[in-house]
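Student: The task is simple: from the sequences and hints, build the whole structure.
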Amino acid sequence: MPRFSKQNRLSTQRSTQHLTQDWLVFGVNMSIDEYEVISLIGPNGAGKSTLVKLILGLLTPTTGQIDKASGLQLGYVPQKFSVEKILPLRVKDLLQQASKNRLNQNQRQQLLTALTITPLLTQQLSHLSGGEMQRVLLARALLEKPDLLILDEPMQGLDPETESDLYQFIDHLPDFLRCAMLVVSHDLHWVMQGSRHVICLNKHICCQGQPADIGMTDEFKQLFGHQYQQPYIHKPHHCAHDPQHDLQTMLATDKMVVKS
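Just so you know, we're using full-length UniProt numbering here: the sequence shown kicks off at 1 and counts up by one.
Read the hints as simulated data drawn from the structure, not as lab findings.
All values derive from a computational prediction rather than experimental measurement.
Possibly wrong hints are sitting among the right ones.
As the list claims (entries may be wrong) - Here are the simulated EDC-like pairs of lysine to aspartate or glutamate, each with C-alpha atoms no more than 20 Å apart in a straight line:
#1 80 x 34
#2 85 x 132
#3 100 x 175
#4 145 x 219
#5 100 x 84
#6 145 x 218
#7 80 x 175
#8 203 x 153
#9 80 x 163
#10 85 x 67
#11 221 x 187
#12 80 x 218
#13 80 x 67
#14 145 x 36
#15 80 x 219
#16 92 x 34
Stated by the list, open to error - Label pairs and their computed distance ranges (CB to CB):
#17 204 x 33: 16 to 26 Å
#18 178 x 219: 27 to 37 Å
#19 100 x 164: 38 to 48 Å
#20 107 x 33: 19 to 29 Å
All residues carry an ideal CB built from backbone N, CA and C; glycine is no exception.
Tutor: Written out as structure tokens, the structure is:
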């Protein structure tokens, strides 16, 4: 098992997951360092959600291993989240599930204000729009002050204005919320400008590297065409599920036993 420095948050060692005779993801070697922003891209069915579940501990690798720094705190924002209308769950009820001692009161209020959550606190989750729900889920994850924040297609289905606002917030997290991020996304424009490291998954890691380099690889061009060949300039940072299980998944990350 590898030793972890202060900077190393998580690593996977040839992690593989299969279902019957079909490999869902094969031989993945990767690591995530402190404050690093990694984007995970790939076509539908490439194994992105499977890899996320492996990292969250919801699946056990068929072979290989996933090692996490001792005490690693995970935050998770799912791709989809639905609440039955008959379930009387308010926004503040969900947020109160977060630990009370990770952020002080001023920091909590700053986070809720930045994401415009305060006016939503008494609303039923089932009544929220898609953009409002994503803001609430992001706030819920960040209230835990995670060391690693996993965002699984966080912008899918959102209107352009809401999408832009959330990207701006993620790109400029306040210092007290700085963390490593793994972002699963189909938005190649943001990926190429908002990441220092991109991993392209298609059942296995077919290419990875800095945005300016990965866009020139044959593997990337085969998957995404030639419209992303131009060089990209990184914007500096200050810093992918079954809807029925998303609430359990978010709460499970708070109680996860991590290996050292």
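Student: Decide, hint by hint, whether the structure agrees.
Tutor: Tested hints:
1. 80 x 34: violated (27 Å)
2. 85 x 132: holds (16 Å)
3. 100 x 175: This hinted pair holds, its Cα atoms lying about 19 Å apart.
4. 145 x 219: The hint is violated at about 36 Å.
5. 100 x 84: Violated. Residue 100 to residue 84 sits at ~27 Å, over the 20 Å cutoff.
6. 145 x 218: violated (38 Å)
7. 80 x 175: Since the Cα atoms of residue 80 and residue 175 sit roughly 28 Å apart, the hinted pair is violated (cutoff 20 Å).
8. 203 x 153: Roughly 18 Å between the alpha carbons, so the hint for residue 203 and residue 153 holds.
9. 80 x 163: Roughly 15 Å between the alpha carbons, so the hint for residue 80 and residue 163 holds.
10. 85 x 67: Status violated; Cα separation ~39 Å.
11. 221 x 187: holds (15 Å)
12. 80 x 218: violated (32 Å)
13. 80 x 67: violated (27 Å)
14. 145 x 36: Given pair residue 145, residue 36 holds - Cα atoms ~15 Å apart, limit 20 Å.
15. 80 x 219: It is violated: about 29 Å lies between the C-alpha atoms, which goes past 20 Å.
16. 92 x 34: Distance ~30 Å between residue 92 and residue 34 Cα, so the pair is violated.
17. 204 x 33: 16 to 26 Å: holds (22 Å)
18. 178 x 219: 27 to 37 Å: holds (32 Å)
19. 100 x 164: 38 to 48 Å: Violated, at about 32 Å.
20. 107 x 33: 19 to 29 Å: Holds, at about 24 Å.
In terms of the numbered hints stated before, the structure departs from hints 1, 4, 5, 6, 7, 10, 12, 13, 15, 16, 19, listed from lowest to highest.
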